[in-house]
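Sequence order for the protein chains is A and B. The letter at position 214 of the first sequence is residue 214 when you use my numbering, and the numbering goes up by one with no holes. The letter at position 536 of the second sequence is residue 536 when you use my numbering, and the numbering goes up by one with no holes.
I should point out that these hints are in silico values taken from the structure, not numbers from a laboratory. Only a predicted model underlies this, so the values are computations on that prediction, with no experimental measurement involved. Check the hints yourself; a few may be wrong.
[As the list claims (entries may be wrong)] Chain B side only, calculated, beta carbon under 7 Å to chain A, not exhaustive:
#1 266
#2 270
#3 274
#4 406
#5 534
#6 547
For each residue, glycine too, the CB sits at the ideal point set by N, CA and C.
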Amino acid sequence: MNPFKENKVLRFLGSVKLALPMLLILAALLATGTIVESRFSTAVAKRFVYGTWWFGGFLLLLAVNLLCSAFSRFPWKKHQTGFVITHLGIICILAGSLITQQGGDDGQIALKEGETGHVFQEEKPTLYYQLNDEPIQKIPASFPFRPPSPDHPLMVRLENEGLLMVNQFYLNAQRTVRGRNVEKGEKGFPAVHVELNSSFVHEDQWLFLGDADNDHLDLGPASVFFEKESDWKKRLSHGGKGIPDNALAILLAPDGSLKYQTRYHGQPGGEPQALALGQDYPTGWMDMQFKAPERLSEGLPEETFESQPFPYQKDLQPALHFEVLQGTEKREGWVGYQSSPVSFTLSQGQAYALGYGPKKIDLPFALRLLKFKVGFDPGTEKPASYASDVFYMDQASGVETPAHISMNEPLHFMGYTVYQASYEQEPDGSYISVFSVGKDPGIWCKYGGAIVLVLGIIFMFWFKNPAWNKRETNGI
Amino acid sequence: MESKNQTTIRHRFTQMNTDSEKIFGKALVSVHLCESVAKKLFFVLMLLSVLCGLAFAGELDYRTLSLIPIQEGGRFKPLDTFARESVRFATGREAYEGRNPLATVLDWAAHPQAWDNKNFILVENLDFRSLIGIPQDQKWVSPQLLINHEGFIAYAKSSYAKQQRKITLDPKEKESLAVFGRLQRYEDVKSGEVLALVPVADTATQKWGTIGDLNRAYHESKAAVPEAALGVLESFAGVLNAYDKGDDAQFQAQSQALSQILAQIGGKDYPDPGKMRLETQFNSLKPFRWAWIIYLVAALLTALSFVFKSPRAYNWLYLPGFALFVTGLGMSTCGFVMRCLIAGRPPVSNMYESLIWVTFMMTVFALIFELIFKVRLFVLAGSILAWVGFVLADNIPTVLSPSIEPIEPVLRSSFWLTIHVLTITSGYAAFLLSLGIGHVCLWFLWFRPGRKETLQKLTRILYRVVQVGVVLLAAGTILGGVWANYSWGRFWGWDPKETWALIALLGYVAILHGRLAGWLRELGFTIGVVSAFLGVLMAWYGVNFILGVGLHSYGFSKGGLPYVIAFVAFEIVLLTVVGLKAGKGKLSAVDTPMPEKSLNPR
């Protein structure tokens with residue numbers, strides 16, 4: 001009595017009637033995935049095809065199909081050996097993949113020469129938060145099933161009875177910086193909103209005088225500066241170092257009014273002129289015009305994010321909107337993936353910090369990069385090989401061991417494998433070596449399944465099917 | 001006149017932006033060199049060329065010169081290869097105007113002013129021809145036209161900037177960069193800037209000295225140039241001089257002198273002359289060209305043996321055809337072995353190499369199957385496909401570059417890589433053969449639908465060929481996982497190349513299941529096999545040439561898409577026509593006992 005043979009449902013689950021359409025549907029799904037990857041990016045394809053629950057479910061159904069079909073022939077006859085082990089081999093590979101997905105890690109660690117590291121990053125968006133001096137907490141925040149929205153926010157109750165909510169999530173967002181007025185107790189910068197328009201370029205940006213991150217705008221062929229009039233004049237009289245040939249300077253006059261001066265091919269376009277808000281002025285570069293629609297005497301940059309269509313061949317830039325409730329107080333804002341963390345203090349001296357970035361995983365050992373070497377093809381700048389000399393240190397015993405990691409020669413230690421992935425060169429000529437670090441508990445299951453599968457196929461094809469009793473070798 | 005000429009060139013190039021300096025900066029150097037070269041080395045030659053006019057040099061013996069090693073593109077190659085590649089690169093054909101490529105390259109250096117005004121720089125894209133204002137039927141333009149063409153320079157510059165910003169270029173923009181590259185190659189050869197003949201390696205870059213470097217040093221301070229280097233310059237000038245006069249005896253003597261002095265400087269690290277000789281032999285033998293000629297004749301003879309069905313036709317047409325097929329196989333094997341010896345690695349790095357490998361393996365499979373089944377059809381299908389494969393490999397160098405280039409770091413010294421690629425492409429080869437046999441089946445289905453017995457046998461044979469492909473593709477894909485795990489740290493990552501290999505495999509597996517379940521008979525199975533090859537085509541060509549994303553980027557390229565689309569369209573029409581025609585009288589043709597018993601659980 002074999003239920004796989006007798007039970008109607010199990011028989012259907014193990015039938016070719018199910019298998020064949022599934023094979024074709026799988027092929028079509030995968031083809032779509034590669035086209036999505038080509039049209040958009042690897043991240044988009046992972047997010048919307050390969051990493052989805054329905055894709056995983058489909059593979060699971062395939063495994064069920066294989067299993068039922070193999071067991072429906074139980075007890076197995078000798079000539080079915082190939083058939084059975086082929087199908088079980090595929091199940092093994094799928095099981096191995098599941099183990100890897102659940103228990104494996106796959107990330108990257110970048111080290112400068114001389115640097116030691118033991119934390120690697122995995123591309124799994126994670127929200128970090130910290131209350132006062134408590135340990136940093138993490139929550140997975142890639143939201144593959146249902147992104148949080150104002151109606152269905154993600155809520156975390158904090159230890160001080162406060163509430164952290166994520167109520168908006170953009171999978172791909174454009175970061176913009178706006179000026180806002182300072183609040184009580186904050187120190188701001190003089191701020192001006194600048195718009196530049198020509199037939200090619202439309203730029204819209206806030207500049208903050210004295211804030212190194214936001215005090216100028218580089219358009220490539222030209223730059224816009226916001227400076228005190230006296231500082232600008234001083235810079236010009238010292239030869240104008242660091243000022244490109246084409247520039248626009250918005251100047252804060254000592255009396256608090258705004259002026260502007262343009263510069264074209266290294267020559268000033270006249271003396272500084274008074275600047276009226278909201279009025280268009282020519283820059284002198286091609287047909288470009290500029291205006292300053294608004295200004296703040298004391299403002300601070302505020303990041304906001306807008307949802308963007310998927311990027312073309314680039315990584316996704318997710319962003320999330322949070323709200324923190326503490327008693328009657330509320331604080332809300334945006335935090336972007338890998339942009340700077342947000343911190344603030346509410347009443348009773350409760351300090352909050354929030355960050356959004358890749359998942360950070362601690363290695364059980366530390367890695368120190370001693371020396372990075374690149375070899376080139378003779379007479380070219382094409383790298384032929386690259387390798388890192390490292391020390392790895394068991395953190396329990398503190399013993400340091402030297403190792404050489406190169407392409408195709410990874411380091412295996414404490415269940416982890418460290419591969420030479422790539423490298424970057426700093427402007428000063430020193431190297432940053434990038435390793436990929438992984439732990440793959442399912443690999444032996446996958447390898448075993450793979451060997452069984454291939455042997456099974458060979459077996460199946462080598463031993464002729466007994467139903468084919470006609471000789472095949474007759475001439476035509 | 002010449003110096004004025006050079007000044008305008010420099011003027012053009014110096015107007016370039018700094019951000020494009022990496023590619024365009026070289027032009028500056030080379031143009032700068034043009035001046036020093038013109039002043040020193042070519043001054044004599046100028047006089048000579050005035051004296052001799054621009055008469056073509058007589059037939060010279062280039063053998064000694066062709067063997068001299070040059071460092072270029074990350075390896076050492078004989079001048080012969082360098083000249084062939086340079087001329088093919090700049091003009092699109094190796095024997096430009098039917099001349100020995102080495103003679104063409106020497107002529108570039110000897111008569112730059114004539115070549116500057118000659119239309120010989122290839123412009124492929126028709127729209128780009130209109131863009132730079134030449135007639136659409138004009139295939140070549142002169143360096144002068146390009147250098148003085150402000151629009152062209154600006155366009156190439158902006159295309160380059162776009163490429164740097166990773167913006168996808170349109171065909172015209174790609175062509176502008178390609179044309180610039182061709183112009184650059186000519187300028188660099190002319191000035192001696194790429195002629196890295198002097199085996200004195202810079203310790204940091206391992207870069208050999210070039211004739212351009214020597215000229216510059218000579219120009220700056222004659223006294224500081226070592227004697228050996230002076231000897232190189234003298235004999236190089238001597239070679240050009242003798243070339244110009246067409247004096248073979250002197251040309252031989254000077255080539256010999258140059259070769260000797262360079263070998264002397266190189267000492268024990270100088271590349272092995274035997275290897276250089278092997279490469280020049282490979283270049284002039286052209287084994288893959290011979291292979292397609294032989295396969296063409298084999299295909300014709302075998303086809304005729306089917307037309308005339310007598311035993312005499314077998315003896316006088318098929319047997320010679322078979323012999324030629326084996327000869328073709330021998331020829332391509334020889335080419336293969338030589339290429340591997342020259343490159344020092346197996347042919348796994350680009351589309352050209354995979355095409356010749358797949359074609360070669362296909363003929364190996366065809367021979368084995370022919371020896372097993374003895375149906376003559378494997379010789380027919382095999383030789384036709386081999387002819388197509390080797391013709392493609394031999395004739396479109398701009399898409400399938402036959403140059404031997406160093407391999408990417410990740411592909412180096414990896415046993416798994418070699419095994420993985422060779423297994424997977426052998427799978428493609430078996431599927432290519434199944435495509436050929438599939439077309440034979442289609443022919444029978446269309447024109448001889450009554451011969452059921454034959455069709456059944458053919459389908460069983462086809463099934464066997466597909467099985468071989470499935471084993472190899474499955475094993476190769478899994479080996480790819482093993483290699484990826486070994487080298488990138490993950491077994492499977494849905495990279496487009498591995499995904500498409502899987503899709504192709506799934507297609508064939510689906511057909512095998514359909515066949516075993518008894519749903520696909522002769523017609524269905526044949527149509528299935530031929531259409532499943534489109535999956536292979538996508539995995540093989542499409543991922544690299546159409547999708548162009550993923551980790552297998554070392555094989556990415558462009559070109560040939562219209563032909564591939566035409567092929568796919570042709571197959572679809574053919575399958576529809578045969579399907580409709582054979583489908584009509586179908587029910588009589590399929591009442592074959594099918595081997596579904598083993599699949600039925602009861």
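Query raised in the report: Does the interface hint hold: is residue 270 of chain B within less than 7 Å of chain A, judged Cβ to Cβ?
Result: Result: violated, 13 Å to nearest chain A Cβ.
Query - Hint validity - residue 547 of chain B Cβ closer than 7 Å to any chain A Cβ - result: Hint on residue 547 of chain B: holds, closest Cβ of chain A at ~4 Å, below 7 Å.
Query raised in the report: Taking 7 Å as the limit, does the beta-carbon of residue 266 of chain B come near enough to a beta-carbon in chain A?
Result: Violated. Min distance 13 Å.
**Report entry** Hint validity - residue 274 of chain B Cβ closer than 7 Å to any chain A Cβ
**Finding:** 19 Å, violated
Query raised in the report: Does the interface hint hold: is residue 406 of chain B within less than 7 Å of chain A, judged Cβ to Cβ?
Result: 5 Å, holds
Query raised in the report: Is the interface hint for residue 534 of chain B satisfied, with its Cβ closer than 7 Å to some Cβ of chain A?
Result: 11 Å, violated
In this structure, the hints that do not hold are numbers 1, 2, 3 and 5, in rising order.
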